[in-house]
Amino acid sequence: MLYLTPSVLKNMVKKPATRNYPFAVREPFDHYRGELVINPEDCILCGSCMRKCPSLCITVDKKAETWECDPYACIYCGHCVSVCPTHCLSMKNVHRAPAPQKVLMSEKGHPPQKKKKAAEAE
Amino acid sequence: MKYVILAFIGLVVAPLAGGLLAGIDRRITARLQSRQGPPIRQALYDVLKLFGKEGLALNKWQIICAWVYLIAAALACTLFFLQSDLLLIFFVQAVGAVFLVMGAMAGRSPYSQVGAQRELIQVLTYEPLLVLVFVCMYLAAGSFNISDILAVESPLLAQLPLAYIVLTYILTIKLRKSPFDFSTSHHGHQELVKGVLTEYSGPYLALTEVAHWYETVLLLGVCALFWTTNWLWMAVLLMATYFLELVIDNTMARMTWRWMLKYVWGIGLAMSVVNLIWLYAG
Amino acid sequence: MSNLLSILILLPVLSALACYIVRSGAVRRLVVTVTGGVLSVASVALLLRGSFEAWSPGTLFGLSWDLIITVLDFALLGVILYYGFKLKSLFIQIFTLAQIVLLSVFEFIIVEHVAVPAFRADNLSLIMVLIVSIIGSLICIFGLPYMNRHEKHLNLQKTKQPEFFFYLVIFLGAMNGLVLANNILWLYFFFEVTSLCSFRLIGHDGTKVAVANATRALWMNSFGGLGFVVGMMLAYNAVETLSIAALLTAGPQGALALTGVALICFAGFVKAAQVPFQSWLLGAMVAPTPVSALLHSSTMVKAGVYIVLRLAPAYQGTLLSDTIAICGAFTFVACAALAIGQSNGKKILAYSTISNLGLIVACAGLNTPLAITAAIMLIIFHAVSKSLLFLCVGTIEQEIGSRDIEDMRGLYERMPRTSFLAITGVLTMLLPPFGVLLGKWMAIEAAAGSIWVIIMLALGSALTVVYWARWGGGMMGSRKPGQPSESLPLLINLPLMLLCIGAVGLSAATPAIYANLIQPMLSSAALAVNTTTGSLGAFAVYGLYIALGLGLFVAFRAGRRAPVLRKVGPYMGGANLGEDGSFNGPMNQPVAFGAGNLYLSELFGEQKLTMWVNIAGAALLVLMIGGGL
Amino acid sequence: MFKSLIKNSRAKSPWIMHFDCGSCNGCDIEVLACLTPLYDVERFGVVNVGNPKHADVLLVTGTVNHRNKKVLKNLYDQMPEPKAVIAIGACGATGGVFRDAYNVVGGVDKVIPVDVYVPGCPAKPEAIIDGVVEGLKKFQQKVEQAG
Amino acid sequence: MTRDNLVSEVMNMKNEGCRFVTMSTVLTAEDAVDVLYHFEKDFEVTHLRLADQPLAEPVPSISGVYFCAMLAENELRDLFGMRFTGLVLDFNRTLFLDEEVTTVPLVNNCKITPTN
Amino acid sequence: MARTVIPFGPQHPVLPEPIHLKLVVEDEIVKEAVPALGYVHRGLEMLVAKRDYHQMIQVCERVCGICSMIHAVCYSQTIEEMMGIEVPKRAQVLRVIWSELHRMHSHLLWLGLFADAFGFEALFMQIWKIRERILDINEATAGNRVIVSVNVIGGVRADLNPEQRDWIESELKIIEKELKEIQSTVLNDYTVKARTVGKGILTYEQAWELGAAGPTLRGSGVKSDMRMLKYGGYKLLDFEPVVETAGDSWARAAVRFREVLQSIDLVRQAIAKIPRGDRDLAAKVKGNPEGEAFMRVEQPRGECVYYIKASGKKNLDRMRIRTPTFANVPPLLAMVPNCELADVPVIVLSIDPCISCTER
Ligand code: SF4
Ligand code: SF4
Ligand code: SF4
Ligand code: SF4
Ligand code: SF4
Ligand code: SF4
Ligand code: SF4
Ligand code: SF4
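Chains as they are written, first to last, in our numbering: chain A, 1 to 122; chain B, 1 to 282; chain C, 1 to 629; chain D, 1 to 147; chain E, 1 to 116; chain F, 1 to 360.
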């Protein structure tokens, strides 16, 4: 009985282990697969990410020249990032913020033959 | 005038103190678990919030029972501060305990039904012990009246060490601390969910919570009677006792009521009897 | 005086005969109701006249009443012997024969027949008369519609009600006689009458079980009667008078006399079904409810404790007194424990009765003024509450066809009025500010100096809480608005209401009862009680009781006024279906709500526990009687 | 005064109930992790009550399927007003990787109204804390609208 | 192995002291399956195959031999719509599925035929 | 005597996952326990028709979020066996490291929940505090706390650099120290023993016959651990399974607690075995799998079985997963009757139930 007593008493006098999130945010790990972001400038609408995504959450429409992803269906596995030929996909090392509404990530992509041109539609 | 003030303390100050104590309790518990814990006033926030919620109960009997529980606890606490008869206080608080059980039994809910049965086992366990502790105090002080006990010259603890240990058992049961938190628990992770309190919700849950604060203060008051000659030592005794309760809560698993009935009765009765015989002999 | 006494004792006899002879429902109804009313009024009148020291009836047709009683005594024993042979019960035959022999020796050889006042009444007797006459009458009245329904349930061709009411009503007279008697031979006579009546009533339904249980009741009580005769002889040997009053004023008189007293107490124990004799009272449950109610609340068993209590001065300060206290306390705790293992409502009531009687006996044994006060309080309030509960259970049983407390779960839904009364009855047995608890409180305070008794009282009172609280709580339930309440015949409703009001109202009148009835008696016995401290002091802080009562009132009002609740089902882990406590179980099948109490059968199982209790009880009894020596 | 006290207390005492609605456990254990020393959501007065009748906030993890949707609905109905629902993880939001499996109905919002979505698979404890904070904001708005 | 000697074969496995690992089922045609029974002893796995079993025909249950096969058989009842005779605890297609699912999931989404 | 019927779950605070037990109790002794499943059933096995065999890895990981790594390993190994792929040694060792880290966090998670089941909140907190260190390792090395997603067919897609290896070693030291601190509480505390010893006894014969798996089987004295098959990187390591003989809840807890310590050792061994030169993480994969394969690995909860049939298409024909809890449910049903109601959570948790993998 009471084997845990030393531990709890030690806890009592030591500083609590609690990280005071969100008031103090610790340095995130570099490799953490957080929010998926795209640099639409570089996307060539090749569709590799769409084909590789295990969650089927990316839609690339070459005709409409759009790249869409449902971040609320994404499982943050990072496969799309590793297959993207132009490295326009990347993952931040912080998580995507919770939100009261689900919104689709929707970007205007550029087929390769065209010149680069910033065309974002949100 | 003195009685008015005392009654005020018992009726109004005591629950607030109980609420703060509940907050401190949670804070220290958190610290024992290496957590930071909630603010001290958390228990008050909780109850205030509950008062603002939609009330849910299965039927009106439950509501009545919650009210009786509160009123009986408040009355018992007030009587304590008015320095009344210990047995009387005991019986008045028993009203609350019984109504809490009956309220839990009033609905067709298996969880609160089982909780009620377990609560009865707890009542069955602590009641005789509490009576015996009071009898010990009676023998030591010559009266069941708190005013007479206060008049005793030397601390009762010296004559009643075993009775005090028995009292800590009772305290553990009444404060719903591990290892005896099986009829309802402060921690939600329990096989009975919330046991007797499962079906109370919103303001009615708040009533039972306030009643629990009254009971806490009442029981600590009884503890305090063991060292009435010196304020400082009384405070030390109370703090040490409460801290001990927290440590016990945090270093033990929850036991079953079968175990409790056997061991607490056995040990508690034995210690009370030894202490009683000692008093008779002395 | 004489008129009142004759009314109280003889009127029931006449009414009983009337019931028996005139076999008409209407007449019976009239006779019983009127008798009840008259008895009640007479008992109150007797109370107002106050206590009296001695009164003897004159003669009847020139024969002295003493002689008549003696003749009747032997006749009675003859009847019992007859039943003994008829039932082929060796016990009854032996005990009764022994009684006849010993009584003959006593009557014709030992006793010098000097005139001893036959009746005498102190406040204790008067209170008993009140209880017997009022509560007993209410039960009899309740019995009228009850028995009609009862016989309908049994499909009887030929009504057996005339005999039933014959014994029922005559019981009241015998009880009144018993509590007022001063001549110990008279006491003995009435004592035997109650034995016989209870025997007949228990066996009334004539089923196998009923007959067996009645037989057991009779042999046990004959055993008690035997004890009574022997005790009477021993006591007479010492004090040389048949007057109980004289016996009491003489106080403890040496070993042999004390043994005599012990034996008479033993008779009281049997009658009060103290362990190990509890089985006859439990068996008595087979009888129709009015019988149980009568036996438990106001008559039979109260006769037992009355005798023990009556004799209290005769053993004050002796070892016998202590052992009686321990015996009583043991019964208190043992039967409370046994009650926990029960789900049969009537059995719980029975154990609770025995348990409470044990408490009263313990108080008698403690033998301090406070304890005696407690005992009297308990007798009063227990009688009221218990009769209420019995009648409620009877009513419920006729409605739902079960006396199991599990079947009464949520009864409020179906029988709001009766279950409300029953819950009130439970509360009055259990909680302050009601009288029974007050008695218990005084008992605990009185026992504080007596280590073994107090431990048993502490345990017992906790056990008591368990079986009452779960019963009371279980009967609570939900009701849909607008659902009609149950309808009951007037003669059932009225006694229930009166008893309920009595149970609650009398509690409020406790201080008055104490001041006017109990205190004078005690001080007259030169046992002054310091009323300013302790539980009696609570009468001074009467305000607290008002506060508690007010609290209950506030709570009920809050409950009534609570807003209409949104309808949600009970918590079922999310699987709830609707609001009635059913849930969606395995294979998508609905599972109905089910709940059972904890009966802790491994701890409080009747069979095992009873054996141990009986052994311990018998040992204690031997100790008690031996302690007199 | 009492009213404003109550109002202020609401945001300080969100009692949560967690219902695992067919999750892979990834999100569940992260919800549980929130209670443990490193994250200790009791700092915000959060208590995991495990009983809908006591809860203010319902945390749902996992995909809704045909069997648990009834349970989810029951639990939601048993919570006293005011209440909030937080859907956790990809599954709670949309059904996640499983959303085209035959027994999956979809996200939590197919059955009950959701106040906050926490993305992630599993959502990190930090994200869940953010979600609760966000939920409390919405909670407060709702209460204010109700008066 | 055939449907007739299935139970006795399984009985043999049990007598040899094998542990029942699980059963698997594979569609071999529109309406027929291979049922595989996997057993283990001393880290050696033995597979028994009940080949090309038509889905419409009930298979004798081995749950009488190995109680623990009960879960697996109930699962196949749910997912493939197979029937088993002598199943000790029959959930009758409610182990996993509710009536909202109207197809037999792993058999190319054919409609379920309501059973008693 | 009237019986109480308790709907235990689907939502219940001591059950981490939705499962329903209809418990019929008498005097709080369980007389009858009937389970209802299906609250987590999603229909994963059917997803093979909608995902190609590469994508299925992610789906398999989410059969269970706790031992996700090991599911992925088992799935990959099955495919690799069918396609005859030789996994680089470095990848094999790395798979062991992450697998054992998963086992540790899974066991610690379970120990915490177990402590919670018998009402020992402080112990729960203490254990989960320790567990966070492992999750930190996962997050730092693999990119996510619980579902690491590092497996691909043919190998892994993350590596450990030397600093990370040292850091893991030092973290393991701290974890080991903190575990030793609570060891006597878990194994010897009076109240803990009172709640676990003799509760839910499963004899050697019962365990074998009812097909129990993992610690549930080993707690009953059966020396059976799939790591003894020396699959993957395990062939490079010293390994002796942990066995207890009492067969009760305490024994199962003891097995798991000792396995955590064992896993620390295995991780250390594996780190030492990471090849120096060879930096190859994954073999090249060409074509599609064809044929049938049957694969068993040891997950924290026991033996996990994958059976796959493919016919040279991108999508597999059939994937069958038998998870350890699926095997442990029948033994559980044998343990629960005649226990006390208060022991139901303890016994249920003692098999470390994972319903999401049971139902998939
Ligand atoms: S250039 Fe076009 S395709 Fe490339 S990233 Fe930009 S938008 Fe996308
Ligand atoms: S986003 Fe996902 S689903 Fe869509 S194409 Fe890409 S991989 Fe497939
Ligand atoms: S992160 Fe969540 S939503 Fe996204 S794919 Fe994973 S499980 Fe699904
Ligand atoms: S991270 Fe994974 S799930 Fe998310 S979009 Fe990329 S491939 Fe799909
Ligand atoms: S994000 Fe990358 S992989 Fe996806 S479509 Fe654009 S270029 Fe191709
Ligand atoms: S969101 Fe991801 S981690 Fe969470 S339950 Fe769904 S699959 Fe599991
Ligand atoms: S046992 Fe199954 S559901 Fe539980 S964590 Fe493991 S894989 Fe997931
Ligand atoms: S077997 Fe259980 S613990 Fe292991 S990976 Fe699967 S779900 Fe997780």
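One thing to keep in mind: the hints can contain errors.
[As the list claims (entries may be wrong)] Cβ-Cβ distance ranges computed for the label pairs, FRET-style:
no. : chain 1 : residue 1 : chain 2 : residue 2 : range
1   : F       : ASP136    : E       : GLU44     : 36 to 44 Å
2   : F       : LYS193    : C       : ASN614    : 35 to 43 Å
3   : C       : ASN614    : B       : VAL274    : 25 to 33 Å
4   : D       : LYS142    : B       : SER147    : 49 to 57 Å
5   : F       : LYS31     : C       : LYS88     : 56 to 64 Å
[What the hints assert, rightly or not] From the derived model, a few chain D residues whose C-beta atoms are all more than 12 Å from chain E:
no. : residue
6   : ARG10
7   : PRO113
8   : GLU144
[Stated by the list, open to error] Cross-link-like lysine to aspartate or glutamate pairs, in silico, DMTMM-like; alpha carbons within 20 Å at most:
no. : chain 1 : residue 1 : chain 2 : residue 2
9   : F       : LYS230    : F       : GLU178
10  : F       : LYS235    : E       : ASP42
11  : D       : LYS7      : B       : GLU245
12  : D       : LYS73     : C       : GLU413
13  : B       : LYS262    : C       : GLU579
14  : B       : LYS60     : C       : GLU413
15  : A       : LYS92     : D       : GLU126
16  : A       : LYS10     : F       : ASP265
17  : A       : LYS102    : D       : GLU134
18  : B       : LYS60     : C       : GLU579
No wet-lab data here; the hints were simulated from the structure.
Ideal placement from N, C-alpha and C gives every residue a C-beta, glycine not left out.
Checked hints:
no., hint, result
1, ASP136(F) to GLU44(E): 36 to 44 Å, "41 Å, holds"
2, LYS193(F) to ASN614(C): 35 to 43 Å, "38 Å, holds"
3, ASN614(C) to VAL274(B): 25 to 33 Å, "29 Å, holds"
4, LYS142(D) to SER147(B): 49 to 57 Å, "53 Å, holds"
5, LYS31(F) to LYS88(C): 56 to 64 Å, "44 Å, violated"
6, ARG10, "37 Å, holds"
7, PRO113, "21 Å, holds"
8, GLU144, "39 Å, holds"
9, LYS230(F) to GLU178(F), "30 Å, violated"
10, LYS235(F) to ASP42(E), "18 Å, holds"
11, LYS7(D) to GLU245(B), "33 Å, violated"
12, LYS73(D) to GLU413(C), "28 Å, violated"
13, LYS262(B) to GLU579(C), "38 Å, violated"
14, LYS60(B) to GLU413(C), "12 Å, holds"
15, LYS92(A) to GLU126(D), "15 Å, holds"
16, LYS10(A) to ASP265(F), "27 Å, violated"
17, LYS102(A) to GLU134(D), "14 Å, holds"
18, LYS60(B) to GLU579(C), "15 Å, holds"
Checked against the numbered hints above, the structure violates hints 5, 9, 11, 12, 13, 16; every other hint is satisfied.
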